[in-house]
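Participant: One letter stands for each residue in the lines below.
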Amino acid sequence: MERKVVIPGEVIIEGEDYLPGEHTEKRNGQIISIRYGLAEEQNNLIKVIPLSGVYSPRRGNVVIGKVENINSNGWFVDIGSADSAFLSINEVPRYVNKDAMEEVFKIEDILIAKIWSIGKRGIDLSIKLRGLGKIDEGIIFKVNPHKVPRIIGKEGSMIKIIKDETGCDINIGQNGLILIKGPTIDSELYAKNAINFVAEKSFVNGLTEELTKWLKENKK
Amino acid sequence: MTTTEPTSERIKKYLLEGKRFDKRGLFDFREIKIEKNVSKKAEGSVRVKIGKTEVIVGIKLDVAAPYPDSPDKGNLMVSADMLPLSSPRFELGPPKFESIELGRVTDRGIRESGFIDFEKLCIKKGEKVWTVFVDIYSINDDGNLMDAAAMGAIAALRLARIPKYDEETGKVIYGEYENESLPLKEDSPVSISIHKIGNSFVVDPTREEEDLSECRVTLTTYEGAISSMQKSESEALTIDEIKKIFDISEETSKKILKEIEKKIK
Numbered sequence: 001m002e003r004k005v006v007i008p009g010e011v012i013i014e015g016e017d018y019l020p021g022e023h024t025e026k027r028n029g030q031i032i033s034i035r036y037g038l039a040e041e042q043n044n045l046i047k048v049i050p051l052s053g054v055y056s057p058r059r060g061n062v063v064i065g066k067v068e069n070i071n072s073n074g075w076f077v078d079i080g081s082a083d084s085a086f087l088s089i090n091e092v093p094r095y096v097n098k099d100a101m102e103e104v105f106k107i108e109d110i111l112i113a114k115i116w117s118i119g120k121r122g123i124d125l126s127i128k129l130r131g132l133g134k135i136d137e138g139i140i141f142k143v144n145p146h147k148v149p150r151i152i153g154k155e156g157s158m159i160k161i162i163k164d165e166t167g168c169d170i171n172i173g174q175n176g177l178i179l180i181k182g183p184t185i186d187s188e189l190y191a192k193n194a195i196n197f198v199a200e201k202s203f204v205n206g207l208t209e210e211l212t213k214w215l216k217e218n219k220k
Numbered sequence: 001m002t003t004t005e006p007t008s009e010r011i012k013k014y015l016l017e018g019k020r021f022d023k024r025g026l027f028d029f030r031e032i033k034i035e036k037n038v039s040k041k042a043e044g045s046v047r048v049k050i051g052k053t054e055v056i057v058g059i060k061l062d063v064a065a066p067y068p069d070s071p072d073k074g075n076l077m078v079s080a081d082m083l084p085l086s087s088p089r090f091e092l093g094p095p096k097f098e099s100i101e102l103g104r105v106t107d108r109g110i111r112e113s114g115f116i117d118f119e120k121l122c123i124k125k126g127e128k129v130w131t132v133f134v135d136i137y138s139i140n141d142d143g144n145l146m147d148a149a150a151m152g153a154i155a156a157l158r159l160a161r162i163p164k165y166d167e168e169t170g171k172v173i174y175g176e177y178e179n180e181s182l183p184l185k186e187d188s189p190v191s192i193s194i195h196k197i198g199n200s201f202v203v204d205p206t207r208e209e210e211d212l213s214e215c216r217v218t219l220t221t222y223e224g225a226i227s228s229m230q231k232s233e234s235e236a237l238t239i240d241e242i243k244k245i246f247d248i249s250e251e252t253s254k255k256i257l258k259e260i261e262k263k264i265k
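Sequence lines, in order, name chains A and B. Here this note's numbering is used: position 131 in the first sequence is 131, and no number is missing along the way. Here this note's numbering is used: position 149 in the second sequence is 149, and no number is missing along the way.
If you are wondering where the hints come from, they were derived from the structure by calculation, not from laboratory data. Check the hints yourself; a few may be wrong.
Distance ranges between label pairs, derived from CB positions [what the hints assert, rightly or not]: (1) 95(B) / 7(A): 33 to 41 Å; (2) 263(B) / 94(A): 53 to 61 Å; (3) 218(A) / 100(B): 37 to 45 Å; (4) 175(B) / 25(A): 45 to 53 Å; (5) 25(B) / 15(A): 53 to 61 Å; (6) 56(A) / 171(B): 50 to 58 Å; (7) 177(B) / 54(A): 42 to 50 Å; (8) 128(A) / 198(B): 35 to 43 Å; (9) 7(A) / 263(B): 34 to 42 Å; (10) 56(A) / 233(B): 32 to 40 Å; (11) 92(B) / 122(A): 23 to 31 Å.
For lysine to aspartate or glutamate, the following EDC-like pairs were computed, each having C-alpha atoms within a straight-line distance of at most 20 Å [to be verified]: (12) 19(B) / 186(A); (13) 23(B) / 186(A); (14) 52(B) / 137(A); (15) 128(A) / 78(A); (16) 52(B) / 31(B); (17) 142(A) / 142(B); (18) 60(B) / 35(B); (19) 19(B) / 137(A); (20) 23(B) / 217(A); (21) 12(B) / 200(A).
Note that the structure is a prediction, hence the values are computed from the model and not measured. The beta carbon of each residue, even a glycine, is placed where N, CA and C say it ideally should be.
Here chain A stands alone, though its shape is the one from the complex:
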């Protein structure tokens, strides 16, 4: 089966040979999409990659968020999901003085963190790994979180092309926030526009070639 754009309620494929995967349902021998997105087949398993909607957090996701509030045990972080996320002081790899929490992260600070658990109380974040922590500089912008897999590409192929071409360091949060740090602002904007180009054309086949073409055309 070829990859195609489907809308909720659309029959993706008929027959008993197929199994319903993510964002699909089986009804009367038909596999029906329950989201708007791209339908894909892998080993007879049909799944839909949504193209719209809000971010649904998963364990292990690296996200970028903004500190919204502080209490004596940690920081509340807005990561764009329905539940609020919490970064406990136990998950910060340094000594935290409880009387001066603002010295570590203050309200409005931007940080990159990993989701280590999702429970009933909400989402717990951690910055105990390399590369996580406060973001001091760079351009941060938002894309549709469902387009993140496409921007990264298979095993990071798409983002590697952009990184190599622009010379920028790019951090992609699974919640759709992207941080670009580069040698000049011009190169950062070049990378930002390249990412927006990929996000806009996420449903096109052969996007890698299109991107290489775009990068060549827009290079200064």
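Go by the hints and put chain B onto chain A.
Facilitator: The following block gives chain B in isolation, referenced to the frame of chain A:
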């Protein structure tokens, strides 16, 4: 989410070099699109797009009693709604400061320029006059709703026609027109908002840039003279800065006026 601090620093630094994130000059507008007569029931309506910012403005006319202090003049009522669909920042409920300001500044721009000849809107002195309702709805907010609203109001007023009025029954017959447009002046007023970001001045900011705006001055220019002015936000301005703002406004308003007039003809 509001513009983050690291991004803000980048924007300010880039502005100091005279450049903007979307490759525009500091005093350039984004692409302006005006779609005419988008509403069937309104006497005149337009959809204005400045880049991704979008507003719909509709004009409705009704006959009512004049205000006691202007018995021989028509009435003007401008109201603005910032719809929740246009931005995650807007919520339903009683109008907030921003939406009241949007309506008020647009109202003042039209009223003080003398664009509408209110005396010609009088049907019977002290008893019956036409009331012009200007309704502004934001459809998408990507910064600079203020100028989009003013632009839309002027364009919609230009397109509006007066419906038939039955003097015997005292009722307005909507849907039937005498092909008479509103008593407007030849020239159009133009509203330009100038924002101060860091040490730079810009016009037509995107949402990202508008978040950083420390001070906004909205100037309505009519026939080459300033007819109304509004300063918002808390940052103070020096006299030299005000003079600079006047220069920017003069230059930009001429350019924009030409563009708007070409689009509504």
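Participant: The structure should be examined with respect to each hint, and the outcome stated for every one.
Facilitator: Here's how the hints hold up against the structure:
no.	hint	verdict
1	95(B) / 7(A): 33 to 41 Å	holds (36 Å)
2	263(B) / 94(A): 53 to 61 Å	holds (59 Å)
3	218(A) / 100(B): 37 to 45 Å	holds (43 Å)
4	175(B) / 25(A): 45 to 53 Å	holds (48 Å)
5	25(B) / 15(A): 53 to 61 Å	holds (59 Å)
6	56(A) / 171(B): 50 to 58 Å	holds (56 Å)
7	177(B) / 54(A): 42 to 50 Å	holds (46 Å)
8	128(A) / 198(B): 35 to 43 Å	holds (37 Å)
9	7(A) / 263(B): 34 to 42 Å	holds (35 Å)
10	56(A) / 233(B): 32 to 40 Å	holds (37 Å)
11	92(B) / 122(A): 23 to 31 Å	holds (26 Å)
12	19(B) / 186(A)	holds (10 Å)
13	23(B) / 186(A)	holds (10 Å)
14	52(B) / 137(A)	violated (27 Å)
15	128(A) / 78(A)	holds (19 Å)
16	52(B) / 31(B)	holds (9 Å)
17	142(A) / 142(B)	holds (14 Å)
18	60(B) / 35(B)	holds (18 Å)
19	19(B) / 137(A)	holds (19 Å)
20	23(B) / 217(A)	holds (16 Å)
21	12(B) / 200(A)	violated (27 Å)
Hints 14 and 21 from the list above are not met by this structure, while the remaining hints are.
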